[in-house]
Structure formats: structure tokens, C-alpha cells
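Asks: Next come the chains, spelled out residue by residue.
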Amino acid sequence: MYINAASTISHQPTFQNSGFSKHIESLETDTELMSPDYKAYIEAGLLRRMSKILRMSVAASVDCLKQAGIEQPDAIVVGTGLGCLQDTEKFLTNFLTIEGLLPPTSFIQSTHNTIAGQISLSIGNHGYNMTHTQNTLSFEHALIDTFLLLGEGNNQILTGAADEYIPFLDEAAEHLLPASKLNLTSGASFFVLSNNQSEKSLAKIKDVETIGLVGNIDAAIDTFLSKNFLNVSEVDLILYADFDAPSSMVSNAYQYFNEHYQANSILVNYVRLSGLYPTNSAFALHYAVDKMQQHPEIKKVLIMNGLNKINLGLTLIESIEA
Amino acid sequence: MAIRITGIGIVSAIGLSVAENLDSLVNGKSGIGPVKYLEVDRDYLVGEVKCSNEEFADRLEVKTKSASRTSLLGLAAAREAWGKNRENSQLRTGIISATSVGGMDKTEGFYRNYLDKNNPDYHVLKYHDSGNTTEIIAAELGISGYINTLSTACSSGANAIMLGARLIEQGKLDRVLVGGTDALTNFTLNGFRSLMIYDDQWCRPFDDSRSGLNLGEGAAFLLLENDKSSRISGSTTICCLSGWANAADAYHQTASSPDGKGATLSIQNAIALSGLSALDISYINAHGTGTKNNDLSESMAMLNVFGDNLPDFSSTKPFTGHTLAAAGAIEGVFSSLAIQHGYIFPNLNYKTPIAETGLVPCTELQTWEPVLAVLSNSFGFGGNNSSLVFSVNKWND
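In order, the protein sequence lines correspond to chains A and B. Read the first sequence against the working numbering and you will find it ends at 394, with the numbers running on by one and no gaps. Read the second sequence against the working numbering and you will find it ends at 609, with the numbers running on by one and no gaps.
Honestly, the hints are just simulated from the structure, not real lab data.
Derived DSS-like pairs: lysine-lysine, alpha-carbon spacing no greater than 25 Å straight-line:
#1 Lys275(B) / Lys262(B)
#2 Lys138(A) / Lys272(A)
#3 Lys504(B) / Lys563(B)
#4 Lys384(B) / Lys276(A)
#5 Lys381(A) / Lys277(B)
#6 Lys381(A) / Lys275(B)
#7 Lys278(A) / Lys384(B)
#8 Lys384(B) / Lys372(A)
#9 Lys338(B) / Lys381(A)
#10 Lys278(A) / Lys299(A)
#11 Lys384(B) / Lys299(A)
Bear in mind that the values here come from a model prediction, so they are computed numbers and not experimental data.
Next comes chain A alone, as it looks inside the complex (with noise of 0.2 Å):
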């Protein structure tokens, strides 16, 4: 499927920054969300009561769909880890602190699909709208939707991911994960994918697994590639997530392409680049996308994201010409 328009609002100047792949290096700590002015995509009365969440993933649809030069996609289609966190704490402080009435709207904002269904509000979209909820292979789970939704004779797809950061979740790593130190941050990537190829196609998705409760990570690679008929070394950039291996030395992927078959392969670890959340793979996408228009002679990339050692998500993308 064609990748017709890619926007994304996260920790780097993604937004609106055609090219922004050749200027971005890895996030220092504590840096902010770089949030354009969304009073520019939201109506007002709409972003009045919206989250970080909500607002980063209207904003970039609205962004997306103009881009792509279209009106109502057939179908949207969002993936979050951890949905919309904001609403959900201030909701379970608000019962578990205040007696009496309690106001309803961190309630209803603190379901999942509330992304799915504000996107389909602000742009008024009665068609499929569904949210996937896989932790870190939830975006991976909205492509394969898309795949399915095209193999139905829809035809364009608004599809993304988003995650927020809410400051609880540094303690909370603090308690779980001692040992390191998490740059924890949030983003929202959306893409209008088509069948069809038009003057605005930017790269294809050429194919897209979820290995869930992995066993053999390196039989996984080899079974995807060999079904994609791809020998190793014709991937030309490796975007992997392992944000336990600080070193890319250790990681699967090194492990894979450059000890196992000695393919030299570049690898980047994308973690770095967007921070740390759930559906970061998403950003990794955009990146892929930004950095073919910058690099022609990139023909083909393979997101891996081990974010979570139990599962394993693969996303093969092709430059237009492949």
C-alpha cells in the first residue's frame, strides 16, 4: 500500500518539516513536546476540553488528510499502548478524592477509542473506526487493519498511532525498571495509505507482521524476509527499537543482520530519536518515509521493533521505484 501523506507531532520538529530526518539527532532528556498551534487544526470549542493526546492526534490527521488533498478517508484507524493517560488519572483522582458529583469529562476521554472517535467528530466520519490496543505492536496492528480494510475495496485510510506522556510514568519506571534511565515522551503519527499510487506517494508498505510472544526472534526475521523475497543484504536501512541495549552492539538486530549474515547493514535505533513510548514505531515510519525523499538510493527498510522483549513487530518499506 502507498503512503500518501505522513505528519507527525513528537519531541523533534517533525511537524510540518519536510526533510526534518537529515537535521534530527538523538533527544537529549527532558525536552517538551514541540505542539504547533492547533488552534490553526482544531475548532475551538473542540480543543478547549482536549488532552495532549487528543490534541497532537486531531492536529496531525487534519494535517495528514490536507496533505493528501482529501476530505473523508474511507476508514480511520488509530493504535495506542496506553491510551489516553491524561483523562484516565485525572478521572481516578477525581472518584477517589471527591465526594459527591463527579464531573463526567476525564470519564468519557479516558476510553481508548476517544482518539478514533474525536478524529471522526472534527472531521464529521461515518465510516470504520477502530482503535488497537496491542502495547508496543498496537500501531503495527492498525497497519495490518489497513491491509485488510484495502483488500475490502476501501480506498483511503487515515491510520496512526499516539501515546502521552504523563509525569506518573517516571515513577513508575522508577519502581519497575531501576536499573535504567527512561527518556520518556510522547507522539502522534498519522498516514493517509491507499492502493492506488498518485503524483503525493511518498514510499509503499510492502508488508507488515506481529509476532506476538516471540520464541525464535531470528527465525521470525528469516521467515519475513525470505516471504518478502528479500535477501538480507538488500535491506538498506535497519530502524530497530531496543531500548533496553543502551550499546546497538547488543541488540537483535546487530545480532542478526550484521554478526549472523555479515550484511554491514545501518542500523539506527529509532528509540533515540523519537523517545520512548509505545507506538514510537510509528514515528519510525515517518523517519523511514523522510529519509527516502532525502536519500533515493534507500530502496528498502525494515522497522523492527523489539521494544518489548516478548513481542516482535516487523514493517518492510519500499521507495516508490523499488
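Starting from the known structure of chain A, arrange chain B on it as the hints suggest.
Replies: This is chain B only, laid out in the frame that chain A set:
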């Protein structure tokens, strides 16, 4: 379209197995009553599953003893639906669950201690995310590969069934366990109360005096198989899933449109996909939560699609309570049972038709006519509307 349904499993307020649930449905026994298991700070009428977490963990012999109640309920239902099936290298197998609360039953206890600075156990947070509830179920059943979770509020369970069917239809999987699970939590009890749609009396779907819902908890799973899988596993087909559709109402974050736009679309599209006509539907298992807004909007949608030929319809939520993300799956199992046994289940607690529509649901168990096709509706926050069509086993095998 036709996907085989070859296994069903359920735990709800009216029973811990398919047989117990069927018995309660046939005998008009509601499972709704005062809270017994969850720690709450006021009285509520709820549809609790009559089993504590400890009893569940023992019954199920789970490896992860500290799993959330959402996982335990889901595992109980998934085990029953999975039956004696095993991993098979010839068959691509997946699991899709649906949940809205995930591990919130654990998290809210943690968060109370956290706010009180009362030595909170951060480790329970590992069970918070919705995806984890499904991974625990998958691990216990020995399923790996395609493991996914949907969360679209109260339509989630129906959407899991739909996604499974679509994956089989397009040849991505040979068989897939689909369903939903949600535990009762203070989070959702307080949430629906804050919306002023929690009824402190028994919920009364489609009754003019209805004033809200009673929450329930539970889980249900269905095993969907293609022909190859059914042949290899030697399973018996209970009925078929023949149509499905999801549409966005795009009217309001929580309220349904007064003309039932999204619901009308989902019902029409599901029936169209099934290849049946509206006249072929024998029974509608309605979403019917008992809120003013849902039941009126759903009635309008049913009238939009069926006009003067509205088939028998009922909401089974007065039996189970509204089980949120599990509802679509629980009602999918009830729809399968309706076809398997030729039953139409009664809408309890109904007396007076809604003034605006005059529609009268089925109020007595019907057993005298075969049930050939059932429409099941599930509508959720965010204007998320889903409809499924179940029909008799077309292969007669």
C-alpha cells in the same frame, strides 16, 4: 460471507459456563443484584460474576496468580471456547480480545494507596495495559503470533469478532479465538454515575420508564475457523458469522444521534454483507442498555432498516448487566445459542413501550420457531457502532 463458529465460552453474572448461562436465559433468572465481591463505597445494582479472584485462580490453575480480574474472566471464557484444541503447525492461529478497563481493577487499588502514600505496589501496574490482559490469556492457552486487543468502549467485543472474521476471510489466519472481557471496577461505576446514567433500580431496556444501565462484568470468546481448520481440527460448526460492519456516528463523544445514523449504517451494511435481506433476520439481540438515549436511538435505527417488518427483538442486559467491552462477545454467544437451540430470549423488566416509537420487545422465551439469522448490535462511546449477523450452519455438516 460465512465463517464457521466452532467453539463458544462465557462467564457472566448468570453463570460460569455456556450451560449455566443458557439455563439462566431459559428460566428468566437475572444475575443482577447488590455488590458482593468488589469493594465499593456505596450501594449499586450490578451483574457480578459469582466467583472471587482467588476461586478463579484456583479453578483455572493460572500461572500468573496476580493477573487482573479482567484476565481471569477472559481466560475462563477463552478456555471453554478453545476446548481441547491444541497448537498445530499446519494452522495459523490467532487471538483477539477486547477490553475497556484492562487491568484497572488492580490499578485503582494501587492508585488509592498511591494517593494515601500507603506503600503502593508498583508491580501491579504491569497488568494495567489492555494488551497485557490478552497476552496472559494467550500465554495460558499456548497461542503465539497474532495476538491483538481492541478497545472501542462498549462495541469492542463485537469488533473483535468482526476483525477475526476479516482476517480469516482474507486468508491471514485459519482460526482465531475472538471475544472480550471486562471486570467490574470503581472506575466504571463512578464513571457511569458521573454521566447520570446509572440506574439504582433494575435496568429496563426499551421501557418508557428506563433511566439508565446497571453495569455487569464477564467475558465471552468464540472460536472462528475456516474450512481447512475445521477439517483438520475435526470441529463441529455451531453456526456461522455471515455479516459484520462498523460505522462512526460522528455526532457526539458519548451520546448517540437522535436519528440513529451510525447505527442504521452498521445494521444495513452488516446485513448487506451477509447476503441476506432484512426479512431473513429472525431475531435482533439489541444493544439495549436501558439509557434514555441509546434505546431511543437504537429503536430509530431498527425502524429505519426494518420499517413495518421489525423482527422479534430483546436486550439481554437485564440478565447480565452492561458488560462494556465484553458485551458484544457475550451477546455473540447468546446469538449463537439462539440459533443452535431455536430460542429467542426475553427482554426482562419491560412494561410500557417508549412513547416516541411504540416498539414492543419480546418479553417471553420463544421456543416454537427455528431461529435462522440473528442481528446483534453493539454501540459505544465515540459513536462507535457495530453490527454482526449470525446465521445457521450453511454447510449442514
